[in-house]
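Per full-length UniProt numbering, residue 1 is the first one in the sequence shown, and the count goes up by one each step.
No lab work stands behind these hints, which were simulated from the structure alone.
A virtual CB, placed ideally from N, CA and C, is assigned to each residue, including glycine.
Misleading hints may appear alongside valid ones.
[Unchecked claim] Label pairs and their in silico Cβ distance ranges: (1) Ala-100 / Gln-80: 15 to 25 Å; (2) Leu-108 / Thr-9: 58 to 68 Å; (3) Gln-55 / Ser-33: 12 to 22 Å; (4) Leu-107 / Ala-50: 29 to 39 Å; (5) Lys-66 / Arg-35: 42 to 52 Å; (6) Ala-32 / Thr-9: 19 to 29 Å; (7) Ala-58 / Ala-113: 38 to 48 Å; (8) Ala-40 / Met-68: 37 to 47 Å; (9) Thr-9 / Ala-65: 26 to 36 Å; (10) Ile-101 / Asp-78: 14 to 24 Å; (11) Gly-93 / Met-68: 24 to 34 Å; (12) Ala-24 / Lys-51: 31 to 41 Å; (13) His-71 / Ile-6: 32 to 42 Å.
[Said to hold, decoys possible] Cross-link-like lysine-lysine pairs, in silico, PhoX-like; alpha carbons within 25 Å at most: (14) Lys-66 / Lys-86; (15) Lys-66 / Lys-11; (16) Lys-23 / Lys-11; (17) Lys-42 / Lys-11; (18) Lys-66 / Lys-51; (19) Lys-51 / Lys-23.
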Amino acid sequence: MNEDRIAGTAKDFAGKTENAFGKAAGDAESQASGRAREMAGKAQNLYGQAKDAVQDAADTATDYAKDMYNHRGDAIRDGQDALARKVHDNPIGSLVTAGAIGFALALLLARPARRPPRGRYYS
């Protein structure tokens, strides 16, 4: 919990109290001031909640990245093992897939360079 949430809750409570005193005294100005302070407190509390949520998400992402970095060898090894099992289980399909990828790369790399368009407006 951060200071925005604490201050927002305090303002909200103060606004409710001021509003209640304004109602009891019949003072419309105190009521309006209390409602305004209450709304400002709620807004500040929501802002604090949003900051906490962003901080929690950033902490979770950081922890996940650190975990992946610390166990990168395991992840790479697992991926290699899974690929080896797929190739072992289906060698013909793997060969066809590798050939298709190689063919697509060859088409992309051997394509001639694009020429700029020629014409009246392209000089």
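Now for the hints, and whether the structure bears them out:
1. Ala-100 / Gln-80: 15 to 25 Å: holds (21 Å)
2. Leu-108 / Thr-9: 58 to 68 Å: Given a distance of about 59 Å, which is inside 58 to 68 Å, the answer is holds.
3. Gln-55 / Ser-33: 12 to 22 Å: violated (33 Å)
4. Leu-107 / Ala-50: 29 to 39 Å: violated (49 Å)
5. Lys-66 / Arg-35: 42 to 52 Å: holds (46 Å)
6. Ala-32 / Thr-9: 19 to 29 Å: This hint holds: roughly 21 Å between Cβ atoms.
7. Ala-58 / Ala-113: 38 to 48 Å: holds (44 Å)
8. Ala-40 / Met-68: 37 to 47 Å: holds (42 Å)
9. Thr-9 / Ala-65: 26 to 36 Å: Cβ of Thr-9 to Cβ of Ala-65: about 33 Å, so the range 26 to 36 Å holds.
10. Ile-101 / Asp-78: 14 to 24 Å: holds (22 Å)
11. Gly-93 / Met-68: 24 to 34 Å: Taking Cβ atoms as reference, Gly-93 and Met-68 lie about 30 Å apart, which means the hint holds.
12. Ala-24 / Lys-51: 31 to 41 Å: Holds: the Cβ-Cβ distance is about 36 Å, inside 31 to 41 Å.
13. His-71 / Ile-6: 32 to 42 Å: Roughly 38 Å apart at Cβ, these two residues keep to the hinted range, so it holds.
14. Lys-66 / Lys-86: violated (29 Å)
15. Lys-66 / Lys-11: violated (39 Å)
16. Lys-23 / Lys-11: The given pair, whose Cα atoms are some 18 Å apart, holds under the 25 Å limit.
17. Lys-42 / Lys-11: It holds: about 8 Å lies between the C-alpha atoms, which stays within 25 Å.
18. Lys-66 / Lys-51: Within the cut-off at roughly 22 Å; holds.
19. Lys-51 / Lys-23: With Cα atoms ~34 Å apart, Lys-51 and Lys-23 exceed 25 Å; violated.
Violated hints, in rising order: 3, 4, 14, 15, 19; the structure is consistent with all others.
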